Amino acid sequence: MNDTQKAKIYIVDDDAGVRDMIELMVSSVGYDYQSFPDANSFLNGFEDTHGCLLLDIRMPGMSGMVLQEKLNQQQVLLPVIFITGHGDITMAVEAIQNGAFDFMEKPFREFDLLNKIEKAIESDLQNRVDLEQRQEIDKRIGSLTKRENEIMFLVTQGKANKVIAIDLNIAQGTVEIHRSRIMQKMAARSLPHLMRMLVVAGQL
Numbered sequence: 001m002n003d004t005q006k007a008k009i010y011i012v013d014d015d016a017g018v019r020d021m022i023e024l025m026v027s028s029v030g031y032d033y034q035s036f037p038d039a040n041s042f043l044n045g046f047e048d049t050h051g052c053l054l055l056d057i058r059m060p061g062m063s064g065m066v067l068q069e070k071l072n073q074q075q076v077l078l079p080v081i082f083i084t085g086h087g088d089i090t091m092a093v094e095a096i097q098n099g100a101f102d103f104m105e106k107p108f109r110e111f112d113l114l115n116k117i118e119k120a121i122e123s124d125l126q127n128r129v130d131l132e133q134r135q136e137i138d139k140r141i142g143s144l145t146k147r148e149n150e151i152m153f154l155v156t157q158g159k160a161n162k163v164i165a166i167d168l169n170i171a172q173g174t175v176e177i178h179r180s181r182i183m184q185k186m187a188a189r190s191l192p193h194l195m196r197m198l199v200v201a202g203q204l
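First residue of the sequence shown? That's 1 in the UniProt record's numbering, and the numbers climb one at a time after it.
Since the hints were made in silico from the structure, they are not lab data. Fair warning: this is a prediction, and the values are worked out from it, not measured in the lab. Where hints are given, some of them may not hold.
[What the hints assert, rightly or not] Here are the simulated SDA-like cross-link-like pairs (lysine to any residue), alpha carbons at most 20 Å apart as the crow flies:
1) K6 to V76
2) K146 to R179
3) K162 to M183
4) K139 to L198
5) K116 to M104
6) K70 to H50
7) K159 to I177
8) K119 to I96
9) K146 to Q172
10) K159 to E148
11) K139 to K185
12) K139 to Q203
13) K146 to Q157
14) K8 to G30
15) K119 to G99
16) K185 to L154
17) K6 to L125
18) K119 to D48
19) K8 to S35
[As the list claims (entries may be wrong)] Just the calculated beta-carbon pair ranges, DEER-fashion:
20) G158 to Q97: 36 to 42 Å
21) I96 to D130: 19 to 25 Å
22) V200 to D38: 37 to 43 Å
23) K119 to K139: 26 to 32 Å
24) V199 to D38: 38 to 44 Å
25) E105 to Q74: 23 to 29 Å
Backbone N, C-alpha and C fix where the C-beta goes; we use that ideal spot for every residue, glycine too.
Sequences are here, hints too, so could you generate the full structure?
Right under this line is the structure:
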């Protein structure tokens, strides 16, 4: 099963006809889906799994915009594609500025919506891979001692072991031992690999 088929599409719209139409559309190309008639039922029934959220902007009770704010506060990764009616474009642009992936204006063509869904799913998968990678790198950095962390950043600045030893007033052999342990703990194959990991972690 490929990543597209594993993805789950969440549909939140108070219009049962719209929900039925989208359900038929996404199921016809092999997506798993779950529908909700309002924002509150979605909040109580969703899991932040790989996929995307198709969200109506205007709904009774909690609007799509408010739901987006709550998801942002909870740091939910699901990309949001807003479904908007005529006259909601200003709101849709504001939603994009608040992190929504895209929006579709009613009535929309099936091909256009499926295309946006596919792109949202690809983006979501990459975001989750990046986050998982960053969390693993953060874990490795957290395993370093204070001295190892200090030496690691001096190494990434291009300083030689001898210079680091002078800067820290320690033996060059001690620097070499620390450097070896750093590479081992960070699972770094080379200095460029180590630097790339630190960039991913936002440390460089």
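Review point. In ascending order, which of the hints set out earlier in this document are inconsistent with the structure?
Key: none
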